[in-house]
Amino acid sequence: MRFRQVHLDFHTSGFIPGIGAEFNKKQFQNALKEGYVDSITVFAKCHHGWSYHPTKVNQMHPNLSFDLLGAQMEACREINVKTPVYISAGFDEKEAVRHPEWLVRQPDESLSEAVSFFEPGYHHLCYNTPYLELLLAQIGEVMELYRPEGIFLDISAVRPCYCARCRQDILERGKDYRDPEAVMEQAEIVYRNYTKRVEDVVRRYSKECTIFHNGGHVVRGRRDLAHANTHLELESLPTGGWGYDHFPMSASYAMNLGMEYLGMTGKFHTSWGEFGGYKHPNALRYEAALSLAFGAKCSIGDQLHPSGYMDEETYRIIGEAYAEVEEKEPWCKGAVNCADVAVLSEEAVNFRNSDCQTQRYGDIGANRIMLEGKYLYRLIDLECRFEDYKVLILPDTIRVDGKLKKRLEAYLSRGGKILATGSGGLHQDEDAFALPFGAKFLGEGGFRPDYMVYAAPSGKLAAHVVYEQGYRIETLSGKVFAWRQPPYFNRDVLHFSSHRHAPNVKGGMEEAAVATENTAYIGWNVFTDYGKIGALHDKQIIREALDGLLAGERSLETNLPDKAVATLAKQGGEGRYIAHLLYAHTTIRGGYESQGKHVTVECIEDIVPLYGVEVKVRVAEKIRKVYLAPQRKELPFEYEGNAVCFTVEKVLCHQMVVLEY
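Residue numbers (our numbering): 1 to 661.
If you're looking for bench data, these hints aren't it; they were derived computationally from the structure.
Since the structure is predicted, the reported quantities are computational estimates derived from the model, not experimental observations.
Built from N, CA and C at the ideal position, the CB exists for glycine as well.
There could be a bad hint or two in this list.
With a cut-off of at most 20 Å between alpha-carbon atoms, the simulated SDA-like pairs for lysine to any residue come out as follows [unchecked claim]:
hint : residue 1 : residue 2
1    : Lys-506   : Glu-517
2    : Lys-622   : Ala-643
3    : Lys-625   : Asn-642
4    : Lys-94    : Pro-130
5    : Lys-506   : Pro-487
6    : Lys-539   : Lys-633
7    : Lys-570   : Leu-628
8    : Lys-633   : Val-648
Cβ pair distances, simulated, as ranges [as the list claims (entries may be wrong)]:
hint : residue 1 : residue 2 : range
9    : Asp-176   : Met-259   : 20 to 26 Å
10   : Ala-323   : Asp-431   : 56 to 62 Å
11   : Lys-460   : Ile-533   : 20 to 26 Å
12   : Glu-638   : Phe-275   : 51 to 57 Å
13   : His-99    : Thr-587   : 43 to 49 Å
14   : Asp-431   : Val-336   : 38 to 44 Å
Given these sequences and hints, build the entire structure.
Written out as structure tokens, the structure is:
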């Protein structure tokens, strides 16, 4: 895969005239050159259902008079730009209108979307209907006529469906379509059949063509779904509701899968489908750098005007980011990100339904604390090797069955360390600790919220409110580092105090967090609490426990501020490590409504430089040279014990530091 990609949306109404009328090969090529683009996904078929090439199995857009897809691919191949081809799979609005019996349905036969046929929008088609044969014919035609380097199939995910065909299939398997599990089983069968049939069609024409099914989210723990693709495209538009910490969370899981992956952002001020919306170039510079820092290639979303004329301002902005990426590529090719800490993902363990859309706040909170604390980390599933990490986190809801218990005990016996919170670390079927945390589990606390009595940075004990569920313990051994205080009462209609909740009862405290030599336990759902409200004391107590377990053996330490990002990657073939240091100031500027949800717009405009950034790196190899990349300016360094120490005078957006051994 190449590093500097563009995803060129072209969803175009049949009521718009002059499709492609202003397409010009030279103008198209010049825009790509201006943007430093080396791969661009172009459209064979859009959400409206129209093809953008002559077709025997679909309908070309009624106001297109030539082979636009072919012309775009020819223009790209002349300048050595790859052209994977986009085909809308889950949406085809013209067929949705013609064949409502092909649509995904809810139990009451309503549509699966909030959008009705009295509102503008698209409708999901079921792959268990004759629509699948039509789609496969469209894919086969594109493969035969154009031999693309890749096929990108959009709106493709496992979707529970209650259409007549799906209900009948469930009954024929002896199941009951009133049972949600039977419906999910059917949805999985339908999706597996779809991906297999697509693979068969594509491989009939090419063994090398890439295939990606875009569902908007790579579900942690569902490797079977991930490996239906040849690579992963991690859709994450910060201004489109994803925010700036979503991509690192997706990438930190994708790293485990042995697949190439890219980070897909957009040039839009808001999100897909926005004409006339432009991010500040600094935003794209930062987003592209963030992809590189997390081991990903880069993709930027755009939408071509119906006329076919490339927006030159868009490619000027993209070019500011991609010119820098081109310079940095030599230090990113084949690099593998290092990690000290593994977070056993709640989504991967507890919520493995492939259509899950609910936010997993434990994962979100853990991801944010890892980022803000500059820990080298990955979110992992149960197929990952625990032994690759110094510390394993069991956040909030990760209970332990017999098989996992044996693995965790073996991990501890080999020197591994475990941090658990909430009901993490309990037996699967029993409210008792499955591991030696130095305490006895007593059950849920009776108050919510209650108070964490913990030494603030000043060193003095203070009572901090925790809104999520707390759990009571009796300490048997180890060091207690937090205590619990109750409120006077839980808030209800008969007794309440002030605006939110009752204050803490002064005096008596009970133990609530304990650390041993190789374990730590915190008796609240603190990761969920942090994911929801971002309370500082949640992060502080987690960092104290985690730093105690890491015991001064963090692979990377730095004095960067909380909003900065730091990662470390190894280019083994080149004999070097690369530290990525990033910082950009983000601002919330209003929001908008999208699909029934309010989406905040998180923007980057000014890039604020950071000075005197101190870094320590601990690796097994003896470092012989440290320099800035791509500037190739050598830095002085020294060893403090086993740590290589150096100072970067200035970090402006993104600075790579190379450590050769």
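Going down the list of hints, with the structure as the test:
1. Lys-506 - Glu-517: 31 Å, violated
2. Lys-622 - Ala-643: The given pair, whose Cα atoms are some 10 Å apart, holds under the 20 Å limit.
3. Lys-625 - Asn-642: 15 Å, holds
4. Lys-94 - Pro-130: This hinted pair holds, its Cα atoms lying about 15 Å apart.
5. Lys-506 - Pro-487: 9 Å, holds
6. Lys-539 - Lys-633: Distance ~36 Å between Lys-539 and Lys-633 Cα, so the pair is violated.
7. Lys-570 - Leu-628: This hinted pair holds, its Cα atoms lying about 15 Å apart.
8. Lys-633 - Val-648: Holds, at roughly 11 Å.
9. Asp-176 - Met-259: 20 to 26 Å: With a Cβ separation near 37 Å, Asp-176 and Met-259 fall outside 20 to 26 Å, so the hint is violated.
10. Ala-323 - Asp-431: 56 to 62 Å: Holds, since Ala-323 and Asp-431 (Cβ atoms, about 58 Å apart) stay within the stated range.
11. Lys-460 - Ile-533: 20 to 26 Å: For Lys-460 and Ile-533 the Cβ distance comes to about 23 Å; the hint holds.
12. Glu-638 - Phe-275: 51 to 57 Å: The hint (51 to 57 Å, Cβ to Cβ) holds, given that Glu-638 and Phe-275 are roughly 54 Å apart.
13. His-99 - Thr-587: 43 to 49 Å: Because 46 Å falls inside the window, the suggested range holds.
14. Asp-431 - Val-336: 38 to 44 Å: 40 Å, holds
The structure is inconsistent with the numbered hints 1, 6 and 9, although it conforms to all the rest.
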